[in-house]
Amino acid sequence: MATGPGNGSGSKAQSSRPISIISARHKFAQLSWQRLTSCLICEAIALGALGMPKAFATLGMAYGIIFTVAIGLLATHCSLLLAKACLKLPHLKDYAEVMGYLFGKRGYWIAATMLVVCLTLSTASHVLTGVIAFNALSSNATCSVTFSLVAAFLLFVLALPRTFTEMALLAYIDFASILAAIVVTLVTCGIEASKQPGGLQATEWYWFLPKERRSDWPQVIVAITNIVFAFAFAQCLPSFMSELRKPDDVSKSLWTLGGLEIVLYTVIGSTAYYFKGHLVESPTILSINPTMEKVAFGLALPVIFISGSINTQTAARFLYDRIFGNSKHRFMDTAQGKIAWVALGFFITIIAWVIAESIPVFESLLAIVASLLITAFCYAFPTLMYFGVLKQGKWNESWASVGGTFVHVAILALAICTVVGGCSESHTYPLSLLTLALI
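Quick note on numbering: UniProt numbering labels position 105 of the sequence shown as 105, and the sequence is numbered without any gaps.
Bear in mind the hints are in silico, worked out from the structure with no lab data behind them.
Treat the hints with care, as some may be off.
Straight line, CA to CA, 20 Å or less: simulated SDA-like cross-link-like pairs of lysine to any residue [claimed, not checked]:
id: 1; residue 1: Lys84; residue 2: Phe103
id: 2; residue 1: Lys93; residue 2: Ile191
id: 3; residue 1: Lys84; residue 2: Ala400
id: 4; residue 1: Lys93; residue 2: Gly104
id: 5; residue 1: Lys93; residue 2: Phe103
id: 6; residue 1: Lys394; residue 2: Trp33
id: 7; residue 1: Lys93; residue 2: Arg245
id: 8; residue 1: Lys391; residue 2: Gly404
id: 9; residue 1: Lys93; residue 2: Leu390
id: 10; residue 1: Lys93; residue 2: Leu209
id: 11; residue 1: Lys252; residue 2: Thr76
id: 12; residue 1: Lys93; residue 2: Ile323
Listed next, with one range per pair, are the computed distances between beta-carbon atoms [stated by the list, open to error]:
id: 13; residue 1: Val117; residue 2: Ser144; range: 44 to 54 Å
id: 14; residue 1: Lys394; residue 2: Leu169; range: 43 to 53 Å
id: 15; residue 1: Leu169; residue 2: Val409; range: 35 to 45 Å
id: 16; residue 1: Lys252; residue 2: Val409; range: 21 to 31 Å
A virtual CB, placed ideally from N, CA and C, is assigned to each residue, including glycine.
Produce the complete structure using the sequences and hints provided.
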């Protein structure tokens, strides 16, 4: 058969297409463990860190430190379980696919719905936090709807990067922002405490709360639940891991994040409680003078919007990958792919804005959903992965197996208690849960 120029060029075009897609895929596998750590910090540590002192005031200094360290180690352990499951099943690229492996198609769709709802509500909470910050910075009686539209626009624009490698660059700014806000808040707390009548000795704080200062049981539950939520980030971990250049490096990121969170939360909680005592508010920015409150909120603006936008980006990536599968639009910069990506980010942000503005009991609803979804993603589901993916052999074949089974059943029981406790008290203390659960 004769071979003309047309046949040769057609063959060349066909062979170049998969090569182009393969090279485009490479862009989505460039995340270093350092940048993964940056993305995880962006997801995990935000303005809610400044709610820790209120938990310390409720529990007392000693129990505040004990619960912070213990829950931090527990959260790190659960995230490592999730990471090990993802490494064992490298073809699974997000949380829903991992749950689908364990529980079939029904498990996949339930987890997918939970993931998108959780991330969208998180974006909605950042809309509200942006409004609070703008109101604190403004001396004019500007309509809160205007502020919420500005907040939603910023969340949308910052969620436009398509890869987590690109988002990690914004995450560095995010971390610098929250550190600056924390330092300003703690230094101001210290200066104000030293200038009060009687100086630092006049502040009323306790290692162990005396009987007359002990909080009621619902407040204790909320304080512990807030600490549990402060370490929540695992809902995004499988999606982040899908871009890792060296997947085995994930443990470096998780230990770095876990250690940083434990140290940072312990320092914030103990220092602000030492300076402000039982009068400390949540977040602690509200405990300082109005001028420095404006400064702290101004410094915190990047973290409010970047930490919110990474949730929008993760939700959009999940939906985008479902829409395009393994087609060229998923990996290459096609016009159709770009339009779809922008449209998804816009749609998620608009839904989040509508929820934040139109639901009268949004804070109570958010507290309940946060109790359920965040606890499931960060504590309960990783424990199920231990039994369904990681555990080898029967539960009673060795002392190590018996111990592992007992520990993870206990973690699952604690997760259920957190859900029940958080949901039962959300109507009484919704803002406290909101502060640390999702902002």
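Evaluation of the provided hints:
1. Annotation: proposed proximity of Lys84 to Phe103 holds, straight-line Cα distance about 18 Å (limit 20 Å).
2. For a cut-off of 20 Å, the pair hint linking Lys93 to Ile191 is broken: about 49 Å separates their Cα positions.
3. With a C-alpha separation of about 18 Å, the suggested pair Lys84 and Ala400 falls inside the 20 Å cut-off, and the hint holds.
4. Simply put, Lys93 and Gly104 have alpha-carbon atoms about 16 Å apart, close enough for the 20 Å limit, and the pair holds.
5. For the suggested pair Lys93 and Phe103, the alpha carbons sit about 16 Å apart, so the restraint of at most 20 Å is met.
6. For the proposed pair Lys394 and Trp33, the alpha carbon gap of about 34 Å is over 20 Å, so the pair is violated.
7. Our distance criterion of 20 Å between C-alpha atoms is met by Lys93 and Arg245, whose separation comes to about 14 Å.
8. The hinted pair formed by Lys391 and Gly404 meets the criterion: a straight-line CA distance of about 9 Å does not exceed 20 Å.
9. At most 20 Å may separate the alpha-carbon atoms for a hinted pair to count; Lys93 and Leu390 meet this at roughly 18 Å.
10. For the hint linking Lys93 to Leu209, the alpha-carbon distance of about 47 Å lies beyond 20 Å, and the restraint is violated.
11. Of the supplied pair hints, the one linking Lys252 and Thr76 holds, its CA atoms being roughly 11 Å apart against a limit of 20 Å.
12. Annotation: proposed proximity of Lys93 to Ile323 holds, straight-line Cα distance about 14 Å (limit 20 Å).
13. For the pair Val117 and Ser144, the supplied restraint of 44 to 54 Å is violated, since their beta-carbon distance comes to about 24 Å.
14. At about 48 Å, the beta-carbon gap between Lys394 and Leu169 stays in the expected band of 43 to 53 Å.
15. Between Leu169 and Val409 the CB atoms are about 42 Å apart, so this pair conforms to the stated range of 35 to 45 Å.
16. Against the hinted window of 21 to 31 Å, the Cβ-Cβ separation of Lys252 and Val409 comes to about 29 Å, which satisfies the hint.
Checked against the numbered hints above, the structure breaks hints 2, 6, 10 and 13 and satisfies the rest.
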